[in-house]
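K.L.:
Using the sequences and the hints, build the whole thing.
If you're matching them up, the sequences are chains L and H in order. Heads up, the first sequence is in our numbering, so the first residue is 1 and it goes up one at a time. Heads up, the second sequence is in our numbering, so the first residue is 1 and it goes up one at a time.
I should point out that these hints are in silico values taken from the structure, not numbers from a laboratory. Quick reminder that beta carbons are idealized off the backbone N, C-alpha and C, glycines included.
Facing chain L, according to a computed beta carbon distance under 10 Å, are these residues of chain H, among others:
1. 185
2. 219
3. 332
4. 336
5. 367
No more than 25 Å apart at the CA atoms, straight line, and that leaves these computed lysine-lysine pairs for DSS-like:
6. H:401 with H:137
7. L:25 with L:308
8. L:449 with H:220
9. L:247 with H:137
What follows is the residue order along each chain.
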Amino acid sequence: MLNKVNEWNEVNAKHLLSRTMYGFKRVDVDFALSITLDNFVDNYLLKINTPPSPPNSWVNDLPDWNNTQGNIVKYMELGIWHYELMRTESYSLSEKLVNFLSNHFVSEAEKVEIPQYQYIQNALFREFAFGNFKELTKKVTIDPAMLIYLDGEYNTKYEPNENYARELLELFTIGIGNYTEQDIRNAARALTGWYYDGLSSSLDTENHDSEIKEFMGQSGNFGYSDIVDVIFSKDETAKFICRKLYKEFVYYNPDEIIITELANIFRNNNYEIKPVLSAIFKSDHFYNDQMIAAKIKSPDELIIGAFKQFNIESINYLYIGRVAEKLQQLAFSPPDVRGWEGQRKWISTSTVPLRNDFTDSIFTGKSVLEQTEQNPRGDIGFKINIIEFARSFESSENAEQFVDDVLNFLIYFPLNQNTRDRMLQTLLDGSAKEDWSTYSDGAEARLIKFFKVVTRLPEFQLI
Amino acid sequence: MKRREFIKRAGIISGGATAFSLSGLPIKAFAKPFLNIKSFDGKIIVVLQLKGGNDGLNTIIPYEDDLYYSNRPTLSVNKNDVIKITSQLGLNPNMQTLQSLFDEGKMSIIQNVGYDNQDRSHFRSTDVWLTASDVDKYYYDGWLGRTLENVNPDYPGTIPNHPMAVELGANQSLLLESQHGGMGISFDDPWSFNELTEGSTVDDEPIPDTIAGKELEFLKQVSRQSIQYANVVKEHADAGWHEVEYPDTWIGWQLRVIANLIAGKMETPVYVASHWGFDTHANQNDDHPQLLKEFADAVLAFQRDIEEQGLADKIMLMTISEFGRRVAQNGGLGTDHGAAAPLFVFGNSVNGGVYGNQLDLANLDPYGDLPHEFDFRQVYATVMKDHLGLGSSARNTILKKDFETLSFIDSTVGVKTNNPFTFRLQQNYPNPFNPITKIRFAIPKANQVSIIVYDMLGRKVRELVNGNYKAGEYSIDFNAYKGGARLASGVYIYRIKAGSFTTSRKMTLLK
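P.N.:
Shown next, in the form of structure tokens:
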């Protein structure tokens, strides 16, 4: 049952911040705790932000299909913009929600090809992030990037193309098992005729099928908007979407009792997203001990989270792009129309060593990934000033307290005393704890080793 | 980066005992019989997943069928371009390279493969194929995961020294899931995999029994697997090599790494590779021909490579794909999700040819798709029985049903003898060369062996080997500047004589 949570303490605040933002700094926890949970959720996390400035003025230029190289460069600008928005996000769910939506209504840069369209789609997700999911579904259905990605542009009454209709039902709204192959065909007919046109889309009435269609037990001269209305008239739709939200923000194996409650909230609020999120983030279910640190960080959460945790501001995004690609989350390039599945799918014998190499690299300034003949040491072009960072902890000169503070800041999974002791021994490296000082000889090397070992703990991958 | 890395390292070969040839160059002998894979009698299965739903009709083309052409007015392949393999069927011209394998009887095409009540969702249908389930049953382990579980009953109590399965790329496929978790490891480059893993450890602290604890346990298990096997993989990658050039594609790379690891004697019986991009809803002819070409060229290189290395009797490569595509093309010059489709099985031990009835494009299912004739699990059952040597009770346990097997494998090929080696003289590598090249040979029993190099006039220019050798596989470095007069550029012949076995090959010294 969804009951309101009573406690608003450090553990809960860290849990909420880690799930709703791409990592946080220590001062962020202090801020959240300086006000009430309701205040923080209503007036910060779920508050609609002014949209960010676009990456460049080219977003208003008409598409140039022939300039592949130029489009790739623009996509890179879009990627850096996307990373910087995450890194500099305020106390807001915006970035996570926008990225959730683009991983729900999936498209891939490799097929869309036009960075303007990718930007326009991203702006659409921003506009609706805290808005109405049903309206958003309608807008996405005729969004230029989507018309390209799932072949709506080729869907005509003469030769229907089922690609979008199938995924609309299977992945975007109601889920497999709730419709027939015939429903897919007839939905495709209702969606015929839309094409991208300049920077928006238009209907070519000659290509549109305006006959009567049977769809999910109803019939009429349906267009795209009617099809979405019919889908959202089914109870299962709210459940399907709430399950996706739950998987993203709570736990990857949904609790069906909670899902039913969330779906009721969703339907009773005419598919507004905000009341559902508010119910989740204020519930005792969300703050249940069992949910703490039960999520495996996405590569974005790992990478951007590390930038925030360690105050890294000057970043070599060419390197980050390569890391993200190897960790299987290259911006705007999900593996397929299902998007990134997350959780255990991020983890393999291939990605675990690469995650470790990434966290090592921010302390050492070197990565195996970057090793080439020109760069044999694999310099990544940035690294943190570890002494300065250590001294940003009040406890920096007290080894035991320092280790505890660092572990409490970086790791939310309950660590046992053995592990804490092992981390302390790593820092001390054989010397007495009384002799520890960030001013001692060799402190830098010890700190680098200590932070490498801490961030290599598998517990560090959990939020 | 990958390619450079590979080339940089591919030349390295290490072996066991070292003997010396007449010219003073070391001969490396591989002390142990190769492919000591007890579980499947030394057999190896490579599963190649064509992701997205391969269009069977434009792969194996019914070039005499007017309905094929009328259903696909612009997408069909012109009859004159088809590579005809039967009176009715032909290969897509982009798979030209596979014609030789078909002609040699090393390629089986199983037509009309699918299952009852075909699901047309990529994800659900992929899961059906990977888990070998009925469409209305949900399994959370893969059929190869269950197979490996069946033949490794002591796992995870006893962890095998070599990985039980290897998947190329960064995913861990459902195909390899078992109730003990993933049975395989994945990486895209054996060398950087090792480099990234060096020095890593995982602690054995107790894990609380919470849902977060389960995720931690999973993370630790995957870390342990990577640490345990990274070095094994690197050593065997170093020990192997490739005898032929592979195309510079992702699928070419994957098959090359697999061949390299097998040649390096890694005792892994299951490999998984993938080839992406078959979901051709629009402008199919922009992509599909190229995908088929990449597939065909990589498979041919792989087969020729393992043949050259004397490994081919043990290895079978099969393709899977979640569904075929609709018979009629759509409005985007593409095809929508369909049902039954052909799959391929390659290897020395296949009974090459086409299996299945002639396509009947006049009798489609209500959606306009091809009905299936064979359940895909019949193909799995056949591979399990006649390639992997699994009895009916094991098969029925793994596939959870008794499937009738097909006849596309000759189970007598590659069956274990006391000694797995055959008489063999391999093509030297590199070739052309200047001035050093490697020559490999194998003998199945102890014999007097000689290898002599002749010029094109038949004059003996070097004696490389002359002595008694035990059964095994050997490698010798030949240096054209040493052991006699410096040889001039040109073609030379090297001839082996071992007992009554004699054969020769050409090599080219190019300065």
